[in-house]
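For the protein sequence lines, the chains are V and S, in the order given.
Just so you know, we're using the numbering used here here: the first sequence kicks off at 473 and counts up by one.
Just so you know, we're using the numbering used here here: the second sequence kicks off at 473 and counts up by one.
Just so you know, the hints here were simulated from the structure itself, not pulled from any lab data.
Take the hints with a grain of salt, since some may be wrong.
Repeated chains share a single entry, so a pair holds when one copy, or any two copies, can fit it.
Straight-line distance between alpha carbons at most 16 Å, and here's what the computed EDC-like set of lysine to aspartate or glutamate pairs gives [claimed, not checked]: (1) K725 <-> D585; (2) K725 <-> E772; (3) K720 <-> D583; (4) K723 <-> E605; (5) K723 <-> D583; (6) K700 <-> E770; (7) K723 <-> D585; (8) K725 <-> D583; (9) K693 <-> D643; (10) K483 <-> E524; (11) K699 <-> E770; (12) K689 <-> D533; (13) K748 <-> E737.
What follows is each chain in one-letter form.
2 protein chains.
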Amino acid sequence: MNGLCSNEYKKIDERDINFLVELLGKDRVYYGAEINEDYSHDELGGISKMPEVMVEVLSTDEVSKVMKYAYENNIPVVVRGSGTGLVGASVPLYGGIMLNMTKMNRILELDEDNLTLTVEPGVLLMEIAKYVEERDFFYPPDPGEKSATIGGNINTNAGGMRAVKYGVTRDFVRGLELVLPNGNVIEVGGKVVKNSSGYSIKDMICGSEGTLAVITKAVLKLLPLPKKTISLLIPFPNLQMAIGTVPKIIKSKAVPTAIEFMQREVILAAEEYLGKKFPDNTSDAYLLLTFDGNSKEEIERNYEKVAELCLNEGALDVFISDTDERKEAIWSARGAFLEAVKATTTEMDECDVCVPRNKVADFINYTHELQEGFNVRIRSFGHAGDGNLHVYVLRDELTEEEWKKKLSEVFECMYKRARELNGVVSGEHGIGYAKRAYLFEQYDEAYIELMKNIKLAFDPKNLLNPGKVCQ
Amino acid sequence: MNGLCSNEYKKIDERDINFLVELLGKDRVYYGAEINEDYSHDELGGISKMPEVMVEVLSTDEVSKVMKYAYENNIPVVVRGSGTGLVGASVPLYGGIMLNMTKMNRILELDEDNLTLTVEPGVLLMEIAKYVEERDFFYPPDPGEKSATIGGNINTNAGGMRAVKYGVTRDFVRGLELVLPNGNVIEVGGKVVKNSSGYSIKDMICGSEGTLAVITKAVLKLLPLPKKTISLLIPFPNLQMAIGTVPKIIKSKAVPTAIEFMQREVILAAEEYLGKKFPDNTSDAYLLLTFDGNSKEEIERNYEKVAELCLNEGALDVFISDTDERKEAIWSARGAFLEAVKATTTEMDECDVCVPRNKVADFINYTHELQEGFNVRIRSFGHAGDGNLHVYVLRDELTEEEWKKKLSEVFECMYKRARELNGVVSGEHGIGYAKRAYLFEQYDEAYIELMKNIKLAFDPKNLLNPGKVCQ
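With the hints as extra help, turn the sequences into a complete structure.
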């Protein structure tokens, strides 16, 4: 990699702090011991490093001035939203400046003629959902972590539950305002529906994990809010039968909004974690489907076909949730799975490979083999309908040394199998710091070289979030 | 721009021809006078240049070997499909090798479990539509030019009629096989629905107009074929009223598949060109809408709302086309608009700006002012529902000199107005050679510099389609 090496980065000194305080005011500049330890890591754990200075920015102009200063002085910069990432992407490996975007959190405009919502990057996903749904609009991307910022969602190209029908975050970003590493501000895309005007920088920024530019504004695409939504909870005797049914659902040409799979152990963990009962916990495995549309009949026709198909494939029952209360009971549990699994163990790490939809069963079966073979607890749930799995390896009572060894061996096996199944390293959580080794195993030198060249095209001094993704 | 200057490119000599003949056989290598004049231009006219040698390739391996040879010998390469482009993107400005992809035209796999179709780049759009629809699947992108290759469609990120509901070509490309300018072959994306594994090279290649890599295979996303489609032809007293209704349709939360606008002059031209009557030609302006879905009731509810809305806004009538025959009569005319307008004049050039949907009326009104002010015929039709306009300036009896001057002045005004309305230079036809000046006017130096850096990241010797897009 060209660009600066870590030992060429300038360390923060008094002059830098004076510059930042003059620009932002004393209240928004945190230096050394003033910085909360939380800012040294994300939800991954395992990797942490404090920034030398953390600043809260309020405007594009402030971001631009900080970046320009950092560029002129060779100071690395890491951008951070809510810190809900799972791969260490917002950990400032080389210290330097952390740009805290959470106070750039205004919803700037709802444009009903063009069906767009313009937001600052620090707006939370749950705030967007509430805002648009109250106004009868719909922002389909629906990752489990609702307290993530939209800036973070765009940077990981988060997918979520509804990707089966609607696609991922990138598909709902129409335009971005960006601050480049040298401080220049550009706008890419806009409110337009079609755009073939030069290289699509917007699409490349989505999923670039804060390594290419700082997002300071986003124009999101909205849809009309579907008038009806219904959820089906479908118990199966075992996971194989549940997951094996998914390609048949896809093939049946019904179009569910979401198809999630879950196992009894995870449901029990969620019940304990939330102190609330799940509608049913007597079966080994479940599919959870939603359908949306604008009329009861339209949805009914769709889900009746799928319900019948599932029963023919051995489903034990079909529970229909058409009230808000019942849906809430199911989906709040689904939303708590990650935290619930985490609460059952001392530490865990996660694999979010995405495989072709008809390879999900193969992959999950393989994780069961690994669980037995390595004598380690492995829990999984995820998006059966789009092939994106969330598989957790749990440390439990292992010593630090045992854990590191076992985790590394189990991950090595999992990512190898994902590659064999024509899957990819990450479906939606990104590469960040933690998954780089698997990215390097997936792609050959020509591919990695090209990614490094792209990084340099945006960031020739390698100042923005160095040490991540392809580095 | 770094990279090679045109005078450093190597000219084709006997040794090069021998290499190509040895690799591909004599029948697939066309040299000098053997090359048909058609290969010197696309549908734009106005700009033409012959390649020094044109080769028909049949496999990824052949493409890779030709690229490697060209890379080692500093020979420029231009990729060509059906040559239906409108901005000169496939014109070999610096001679060199033309890669003719039209014989790499196999449909490789329909994967019903994963809803994907894998194709070679030379398959025609009409062939894909026929193949999947016969099997009850649906590839939504629907540009007017059905004899374009899918490789060309991906390279312009073509949009077409159904972008209102379904999005553009990029949204339906899941994976690509690419030959890089140095001959290396990489695969990006795949059959997976979600992917956050490093920079999205796939999304950047879509719309890159053959300047970054050669597409040798594409994995397309399919949908189940909607069971019913209905078209509404809605006459209005004038264009202002027709187009002014579109944002209201969008706001009504009905979701049409397509919303096209057309004027009487263009319909008359199409009737004459096709020798067939259009269902109605008595009104000044029309909206043409389609709705699709899986039940008659579902579609009816949607279109009845829109029909009522249009009548309230002053529509003169609503013609419903629900038989294949009647739909064919309308849509075959719509598909012939470009050729029909062309047949009424001596020469023409086109502007395909995309503006926010609620600015379409402003822009079209402005073209009427230009028509009067410059005393030149201007005809337009296009995608009112997504803001992508196709505006044609007609030469008629102007001398070459008058035409060039007037066209340049009219275009200058149009692109300026598009920028003022927060539109972009091209909605779907691309920048190629002809629209570079307007791209340079739209974006500042920082933006253009970034695009040039991206070009060099893929193509450090500037050999692939030089002189296009941002150069």
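Hint by hint, which ones does this structure get wrong, listed from lowest number up?
-> Those not satisfied: there are none.
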